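Residue-level listing of the chains:
There are 2 protein chains.
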Amino acid sequence: MSFELTILGSSSALPTSKRFPTAHLLKVDERFFLIDCGEGTQIQLRKFGLNPSRIHHIFISHMHGDHVFGLFGLLSTMGMMGRKVAVNLYGPDRLKDMMKQHLAFFGALPFELNYRSPAPGNEGCFFEDEKLTVHAIRLKHRTETFGYLFREKKKLLNVRKEKIQAYSLGIADLVRVKQGKDFITGEGKVIPNSKLTFPAYRQRSYAYISDTAFDPKLAEQVRGVDLLFHEATFSAKDEKLASETMHSTASQAATIAKKAEVHKLLIGHFSSRYRDHSHLVEEARRVFDNTVGVNDGDVYSLPLERSSTE
Amino acid sequence: MSFELTILGSSSALPTSKRFPTAHLLKVDERFFLIDCGEGTQIQLRKFGLNPSRIHHIFISHMHGDHVFGLFGLLSTMGMMGRKVAVNLYGPDRLKDMMKQHLAFFGALPFELNYRSPAPGNEGCFFEDEKLTVHAIRLKHRTETFGYLFREKKKLLNVRKEKIQAYSLGIADLVRVKQGKDFITGEGKVIPNSKLTFPAYRQRSYAYISDTAFDPKLAEQVRGVDLLFHEATFSAKDEKLASETMHSTASQAATIAKKAEVHKLLIGHFSSRYRDHSHLVEEARRVFDNTVGVNDGDVYSLPLERSSTE
Numbered sequence: 000m001s002f003e004l005t006i007l008g009s010s011s012a013l014p015t016s017k018r019f020p021t022a023h024l025l026k027v028d029e030r031f032f033l034i035d036c037g038e039g040t041q042i043q044l045r046k047f048g049l050n051p052s053r054i055h056h057i058f059i060s061h062m063h064g065d066h067v068f069g070l071f072g073l074l075s076t077m078g079m080m081g082r083k084v085a086v087n088l089y090g091p092d093r094l095k096d097m098m099k100q101h102l103a104f105f106g107a108l109p110f111e112l113n114y115r116s117p118a119p120g121n122e123g124c125f126f127e128d129e130k131l132t133v134h135a136i137r138l139k140h141r142t143e144t145f146g147y148l149f150r151e152k153k154k155l156l157n158v159r160k161e162k163i164q165a166y167s168l169g170i171a172d173l174v175r176v177k178q179g180k181d182f183i184t185g186e187g188k189v190i191p192n193s194k195l196t197f198p199a200y201r202q203r204s205y206a207y208i209s210d211t212a213f214d215p216k217l218a219e220q221v222r223g224v225d226l227l228f229h230e231a232t233f234s235a236k237d238e239k240l241a242s243e244t245m246h247s248t249a250s251q252a253a254t255i256a257k258k259a260e261v262h263k264l265l266i267g268h269f270s271s272r273y274r275d276h277s278h279l280v281e282e283a284r285r286v287f288d289n290t291v292g293v294n295d296g297d298v299y300s301l302p303l304e305r306s307s308t309e
Numbered sequence: 000m001s002f003e004l005t006i007l008g009s010s011s012a013l014p015t016s017k018r019f020p021t022a023h024l025l026k027v028d029e030r031f032f033l034i035d036c037g038e039g040t041q042i043q044l045r046k047f048g049l050n051p052s053r054i055h056h057i058f059i060s061h062m063h064g065d066h067v068f069g070l071f072g073l074l075s076t077m078g079m080m081g082r083k084v085a086v087n088l089y090g091p092d093r094l095k096d097m098m099k100q101h102l103a104f105f106g107a108l109p110f111e112l113n114y115r116s117p118a119p120g121n122e123g124c125f126f127e128d129e130k131l132t133v134h135a136i137r138l139k140h141r142t143e144t145f146g147y148l149f150r151e152k153k154k155l156l157n158v159r160k161e162k163i164q165a166y167s168l169g170i171a172d173l174v175r176v177k178q179g180k181d182f183i184t185g186e187g188k189v190i191p192n193s194k195l196t197f198p199a200y201r202q203r204s205y206a207y208i209s210d211t212a213f214d215p216k217l218a219e220q221v222r223g224v225d226l227l228f229h230e231a232t233f234s235a236k237d238e239k240l241a242s243e244t245m246h247s248t249a250s251q252a253a254t255i256a257k258k259a260e261v262h263k264l265l266i267g268h269f270s271s272r273y274r275d276h277s278h279l280v281e282e283a284r285r286v287f288d289n290t291v292g293v294n295d296g297d298v299y300s301l302p303l304e305r306s307s308t309e
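Top line first, the protein sequences correspond to chains A and B. Sequential numbering from 0 applies to the first sequence in numbering that gives the first Met the number 0. Sequential numbering from 0 applies to the second sequence in numbering that gives the first Met the number 0.
Calculated from the structure, these hints are not laboratory results. Take these hints with a grain of salt, some might be off.
Copies of the same chain look alike in the list, so a pair counts if it works inside one copy or between any two.
Here are the simulated DSS-like pairs of lysine-lysine, each with C-alpha atoms no more than 30 Å apart in a straight line [to be verified]: (1) Lys194 with Lys177; (2) Lys46 with Lys236; (3) Lys239 with Lys83; (4) Lys236 with Lys83; (5) Lys83 with Lys17.
Everything numeric in this text was worked out from a predicted model, so none of it was measured.
The shape of chain A in the complex, shown without the other chains (with noise of 0.2 Å):
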């Protein structure tokens, strides 16, 4: 029952000696969520232990080359190793375009590639499974970008093992109550739920935003999240060329996790014009304290627990 995000890579446009452009891995359950694909992100899976065979679902934010260009290497490689399942890939229309004309020159992979892209003006729920939902996030940018929020599903009450004994509940008897209805006995007496079940598993979430120019209406759309990435290229001197390039600066990230309220911030995309980014942590934390500056092979894991107020 993980939730856990590896950062893949954290450089913006320009990779550094120890930072890859982005890519971010999202664990949920078991299932692989790949999001964004820079250049050798092949190469960081194998890093840092994770089998490329196990992505079904690829997100990608936009057709900027550091966000895109993994992709060729890693769908070659799954090729390669025998994948016979079909890839998902979600983002802009452009990317459908860009793999056909790459497929068409390179030759034809041995797995089908399906394509999803946001409609306009309607991102909402874009993907969804048993257990998580995706939304997109329409963002600020130079071409069509989205951000991506993943959020588990409402889950079900658990019940104490020792009530199942007690009452003698049946499959149909636990359906119900991990529903939160309450258990009528054989005898007629109710047995309510509160007394049956512990609270459910929160719903874990994980806001991806990257890459967009200062918008504070994102914070409506990633409200409460637990893990908020916000990517924070400049510094806050640097606004101006923030705004020019459409980027944001730490402090405008955090920004969107103050008004947010989430709970944790995660920065990253680092203009490679920094040697170190302790500086952007910093001014990042100054609006919002629970910041956090990634780096390549990082990974933050959010814990199951019980929600208090279910």
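Put chain B on the given structure of chain A with help from the hints.
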């Protein structure tokens, strides 16, 4: 007066946690020649302290992803770093098609790309400047593939400093003496060239052979080189696989080195099926003793040496 090869990537098609896909950088007198450009080449250049801006010539062996997928990021980075000077790309015809298609999608670079492909059946001297020639060598692989032989041009003799003064040699005299001519004094006395000069420095050479099926005819084309890189994707026990995929075994690479009487053999492009490549090196050494298995980051430097035969 350097002649120095840095291995940027030494894996075969599937990179590993320790080996990037193929790329070599040859520095000749501080000029940088990039040979193949697998994914992550720009990251390796940074890691090994090699400034990508200094690359003006890129030689591509063939259009398989593990030899070219790094071009997109490297050229894009050069553009973002403000490059204005053209980059010269050498390789199969399809290299131009790939780049044109890529740039039509992602946008033009702020510098020119020049292309040159070896003429079929007339590979021969493919590049020449004041100090170096590069010959293309046709290889046997699943697509049009070239090896490259880098060789310094014949060097002028070095004039002994004390003789310049002793005979008051002028600039015109020096030019003649460096070319091997004797000097005739004002009194008509002939001073033999051997009294005036040291032997010239040797012409250093590096041959790059990847990817190819075993081809004994290659030995003639790389005869006597100082440094031969020859792919050794497979072990002799997998010779059938090597033959099917048009690759070479370590023994076959060594057979070429022995037949060609090269000074040193470098082997690499190891299949990821072998966790450890030491048995490939041992296998090659049984045929040709002066063999080294390359690793990413290795540097092979050829010293300036006076030729004993000149």
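Hint check:
no., hint, result
1, Lys194 with Lys177, "within (12 Å within a copy, 101 Å between copies)"
2, Lys46 with Lys236, "between (35 Å within a copy, 29 Å between copies)"
3, Lys239 with Lys83, "between (48 Å within a copy, 25 Å between copies)"
4, Lys236 with Lys83, "between (50 Å within a copy, 29 Å between copies)"
5, Lys83 with Lys17, "between (34 Å within a copy, 27 Å between copies)"
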